Amino acid sequence: MLVRAAGLQDLDTLLALAVSAGAGLTTLPASEERLVERLKRIEQSFAGEAPQADADYLFVLEDGQGRVVGTSGMLAAAGMREPWYSYRMGLTVAASRELDVYRQQPTLFLVNDLTGATALCSYFLDPEYRSGDNPRLLSKARFMFMAECPLDFSSRVIVEMRGRSDTAGRSPFWDSLGQHFFRMDFARADYLTGIGNKAFIAEMMPKFPLYACFLSDAARDAIGQVHPDSEAGRLVLEEEGMCYQGYVDIFDGGATLEAQRSQVRAIRDSRNLLLAIGTPGDEAVTHLIHNRLRDNCRMIAAPARVAAGTLVVSAASAERLKLRAGTPVRAVALQG
Amino acid sequence: MLMLRLGKRSDLPQIELLAAASPVGVTSLPANRERLADILAASQASMAEEVTLTGEERYFFVLEDTASGDLVGCSGIIAASGFRSPFYTFRNEMFVHASRELGLHNRIHVLSLCHDLTGHSLLAGFHLADSQSDPAAMQLTARGRLLFMASHPQRFAESTSVEVVGVSDTEGNAPFWDAVGRHFFAVSYAEAERIGSERGRSFLAELMPGYPIYVPMLSDEAQEVIGQVNPSVQNVFDILMEEGFETDNYVDIFDGGPVVHAKTALLNTVRNSTLAQVQIGTPQAGGGLWLMANTHVCDFRACALQLAWEPGQPLVLEQRLADQLCVADGDHVRLVRGN
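Here the protein sequences line up with chains A and B, keeping their order.
Numbers 1 to 336, taken from this note's numbering, label the letters of the first sequence in order.
Numbers 337 to 675, taken from this note's numbering, label the letters of the second sequence in order.
No lab work stands behind these hints: they were computed from the structure.
What you are looking at is a predicted structure, and each value in this text was computed from that prediction instead of being measured.
Some clues are possibly wrong.
Partner residues aside, some chain A positions facing chain B, computed with beta carbon under 8 Å [unchecked claim]: (1) Tyr85; (2) Met89; (3) Ser96; (4) Leu99; (5) Val101; (6) Tyr129; (7) Phe200; (8) Glu203; (9) Pro206; (10) Cys297.
Heads up, incomplete: computed chain A residues facing chain B, CB under 10 Å, no partners named [unchecked claim]: (11) Val68; (12) Ala94; (13) Cys149; (14) Phe208; (15) Ala218.
Some chain A residues well away from chain B (every beta-carbon gap over 10 Å; in silico) [claimed, not checked]: (16) Asp12; (17) Gln52; (18) Ala95; (19) Glu98; (20) Pro209; (21) Arg265.
Glycine included, C-beta positions come from ideal geometry on N, C-alpha and C.
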């Protein structure tokens, strides 16, 4: 398996993936026109030609036959062209000593607090490949890339996890909140944001903070939770130190995870080493290995052993990375 | 006959009985002897005062059956709301959320906690014993105090408001309270009203949501009762409507009942009442229903009578009635047509 930069040549495969992913993967729109536009921007970004405010990166996961089976991406700086909205879960305390009352009211504040943060997005993995090292490789490859060119990314990394919805695509959070203001179903609202139309959020959403007590029980329960299909993805990111700190998606209430970039484990602990070809041996640990290139970036997960400033991998792994012995690589254990 | 006058300390035991029978939402009439005594004391102090600017005065009127001496109703006026503690209401508002691009246009009803009615004179504490089914008694109790306002405008504010009791059931549960207030203050509606009545409603209001409430997010039961009148006070509400109060702008923060308001000078009773000079004699029989009041403060009296009187004429009254109204030949009496 290999992670590499996506480009226009992947258009057809990605369109097919977007269709199969359905609602919940808003940043990979199933519209050819939008996707072409995005892939062009992605190519510019990998080439280092896009300003940070526009930079958008997308990686694909290829299997041994060169078939694309997953994607992961990130916006270098969210909300620099159009506002980026979140709800911050705050607290309102109603208290009176004289009346012996003390009540905490969780309160939702519509904010643009996460503006400028690097936002992980577009994570999708073919269900048949959701085993072994694949989910970690695909998700964490992004951190390796960031570690290599930190100046292109924000010091804050976020990811909006998909929130709860039922099999019919109904989101309890949306039904209790957004629906009143948009008069459209969740899937359509989700689609509109996916194709980049975000201005309507500001125009239609409530401007004042909302008391969570006015939401339905199901909606309140969904706050800060993630969709069952995304639970595994959440755990992978939490391994890296990302965590829920009170920001949620304005549509489905899904948790936004965040971390300081420099504190993300893969970024903090990854090392620059020289590639050595040999036998990793029984002691070998699965490593995330990055060829340190930008537009020709290639990343794999493979058994490796660190020895005297070198990273010993098998010949097959080196071949997968298209690297010769003695070339610098960035590596970190796949799991902390 | 029924005579409206200002309450006195000695009325306390009877007023207590009236208060105990009043609906739970009438917090200005607490079923609590000490609080009632305070209200009466405040009322008597207010009368004695030379008022040039409205302040914390309040006036408490009682309806007395002069034959038996029984008190059968009461009503009051607070000269200026929010004088001591802030006066809270929810303002009914409409926010328009529109997106040109998407062709969406959505009107959202919101309730915003406000102090807009601060300083208004407040009609309060209306209650009539169940035995009083005569519409004239209700008019006298509700409108008689407006004759007092008409005669002493310097004692009242330019605007007048009334908190009308909203919907609650016999167990003391109010759907609006359950959907709104209860989240912020974990007691039943009846208990909240009791606390509000005894300790002042601003105590509770301070715990209420400071941000606007988006009405579509409330339960259907709560939405349905916003601005709705408790059936038990529908009659007096109808009388207020005929006075020209505006109903749509504010609602009560506890039960969602309407808080109505109007310019004092434009209230039907204030605007259409006229003064007539008293002439002791034998009045003509027949005629329409009139509410009449003397122009005194401490000795204020008002009653409802069938009279053959036309504006511009002197008002012929029997001596006995003139005595009851505390007027003498040549004094002025303020009259307004009964409905």
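Given tyrosine 85(A) as an interface hint, is the shortest Cβ-Cβ distance to chain B below 8 Å?
-> violated (14 Å)
Can the hint on alanine 218(A) be confirmed by a CB-to-CB distance to chain B that is less than 10 Å?
-> Check failed: Cβ of alanine 218(A) comes no nearer than 14 Å to chain B, outside 10 Å.
How about serine 96(A): closest beta carbon in chain B under 8 Å, or not?
-> holds (6 Å)
Interface hint compliance - cysteine 149(A) to chain B, C-beta minimum distance less than 10 Å = violated (36 Å)
Does the no-contact call for arginine 265(A) survive, Cβ to all of chain B over 10 Å?
-> Arginine 265(A) is indeed farther than 10 Å from all Cβ atoms of chain B, at 39 Å.
Glutamate 98(A) and chain B, when compared Cβ to Cβ, separated by more than 10 Å = violated (7 Å)
Check on glutamine 52(A) being off the interface with chain B, judged by Cβ distance over 10 Å | Answer for glutamine 52(A): holds, closest chain B Cβ roughly 27 Å.
When the least beta-carbon distance from phenylalanine 200(A) to chain B is tested against 8 Å, hint result | holds (4 Å)
Given glutamate 203(A) as an interface hint, is the shortest Cβ-Cβ distance to chain B below 8 Å?
-> Hint on glutamate 203(A): holds, closest Cβ of chain B at ~4 Å, below 8 Å.
Evaluation of the interface hint that places methionine 89(A) against chain B, nearest CB under 8 Å = violated (15 Å)
Is the hint on cysteine 297(A) kept, meaning its closest Cβ partner in chain B is under 8 Å away?
-> violated (37 Å)
Determine whether the non-interface label on alanine 95(A) survives the test: each CB of chain B must be over 10 Å from its CB.
-> Check fails; 7 Å does not lie beyond 10 Å.
In summary, the structure is inconsistent with hints 1, 2, 6, 10, 11, 13, 15, 18, 19, 20 from the numbered list given earlier, while agreeing with the others.
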